[in-house]
Amino acid sequence: MTPGAHTTVKPGIAVSLAQAQAIVDRVVDGQTVAQVSELQGGAIGAIYEIGLTGDAPSLVLKVYPESLHWKMQKEVNVCALLSGRLSAPVPRVLLADDAKSIIGLNFVLMSKLGGVVLRVLEPTLADAELFSAYSQMGEALREIHEISMQSFGYIGPDGVWTPHASNRAYMSFQFDKKLTEFAAREGDPALGDRLRAVVHERAYLLDACPTAHLCHYDFHSGNILAERNDGSLRLSGVLDFEGAIAGDPLMDIAKALYYFTPEDEPKKVALLAGYGALDRGDWQETLDLYRLYATLELWCWMAQIGSREPLASLADDLRISANALS
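Residues 28 to 353 (our numbering) make up the sequence shown, in order.
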């Protein structure tokens with residue numbers, strides 16, 4: 028998790044027509060709000076579609092919990108950084124408000140991109156369309172990684188939070204923090220020692236990334252929009268930059284592949300084909316190290332929120348990853 032983060036849920040608020048109208052009035056004149064409906068998606072923010080009368084396109088309202096109010100400015104900054112840089116659109120921020128005068132919480136008002144969430148669309152896709160979609164995802168991920176950052180670290184509201192001069196320094200810090208948390212949350216001490224030893228032995232892999240790059244770090248089909256246009260499937264949006272980091276592109280790829288099952292092998296092949304060559308020695312071993320980190324991160328998060336049931340399975344995954352790196 029991020030510095031200062033708490034166990035939170037999305038804001039459970041009902042945005043009224045009057046509140047939505049007051050927000051829209053700050054951006055455009057003469058548009059009347061017809062309806063407000065909550066949308067699926069967003070791990071932290073509550074997301075609403077604001078429908079307007081006539082032929083005016085809908086807008087999207089994203090509301091942030093008070094404990095993570097700073098994520099508003101982070102997303103504004105990352106969206107600006109990505110504007111015009113990707114082959115697929117990113118939302119255009121029309122208004123960012125931290126005054127809390129309308130709904131009592133930070134929010135952004137954004138353009139609504141076309142298309143359907145790819146995860147929802149997938150069951151209807153032919154094999155060729157599925158390959159195309161994931162290949163385009165790989166292309167978009169490569170484009171994100173083409174943006175260089177000045178230092179390594181987690182991105183906060185005003186740039187990198189606690190900057191690190193090298194990838195090895197950043198990831199050594201992160202591994203130490205998560206392994207310390209693993210022990211504090213009653214993870215298996217022998218496994219914790221084993222993981223520390225493996226990370227120490229393979230730390231040299233972290234030196235192969237000399238420059239920090241923008242990483243989405245939550246890049247999956249739930250954060251991708253797609254639509255059919257002239258008979259072909261095209262990505263129509265990349266969403267949700269709450270977890271963005273400045274880091275090693277291979278770390279982002281490892282996280283993107285993390286939830287793929289053996290049955291998802293065609294998706295993995297397509298995404299990597301679209302991304303292009305991984306021009307680095309020991310890239311597979313480096314992906315394995317980052318997979319270990321992603322599993323450790325998830326174990327700590329589940330323990331933090333009191334979800335104990337997945338912990339044994341995640342611990343088994345950590346042992347498998349440690350063995351693969353030995």
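Bear in mind the hints are in silico, worked out from the structure with no lab data behind them. Take the hints with a grain of salt, since some may be wrong.
Stated by the list, open to error - Straight-line C-alpha distance at most 27 Å; calculated DSSO-like pairs for lysine-lysine: (1) Lys139 x Lys127; (2) Lys139 x Lys37; (3) Lys37 x Lys127; (4) Lys295 x Lys37.
As the list claims (entries may be wrong) - Restraint-style ranges between C-beta atoms, simulated for each label pair: (5) Leu108 x Phe200: 29 to 35 Å; (6) Ala153 x Leu44: 25 to 31 Å; (7) Thr288 x Glu156: 34 to 40 Å; (8) Glu228 x Gly131: 34 to 40 Å; (9) Phe287 x Arg212: 22 to 28 Å.
Think of the CB as a built atom: it goes at the ideal place given N, C-alpha and C, for glycine as much as any other residue.
Taking the hints in turn, this is what the structure says about them:
no.	hint	in the structure
1	Lys139 x Lys127	23 Å, holds
2	Lys139 x Lys37	20 Å, holds
3	Lys37 x Lys127	16 Å, holds
4	Lys295 x Lys37	30 Å, violated
5	Leu108 x Phe200: 29 to 35 Å	24 Å, violated
6	Ala153 x Leu44: 25 to 31 Å	41 Å, violated
7	Thr288 x Glu156: 34 to 40 Å	20 Å, violated
8	Glu228 x Gly131: 34 to 40 Å	50 Å, violated
9	Phe287 x Arg212: 22 to 28 Å	27 Å, holds
Hint violations for this structure: numbers 4, 5, 6, 7, 8, all remaining hints satisfied.
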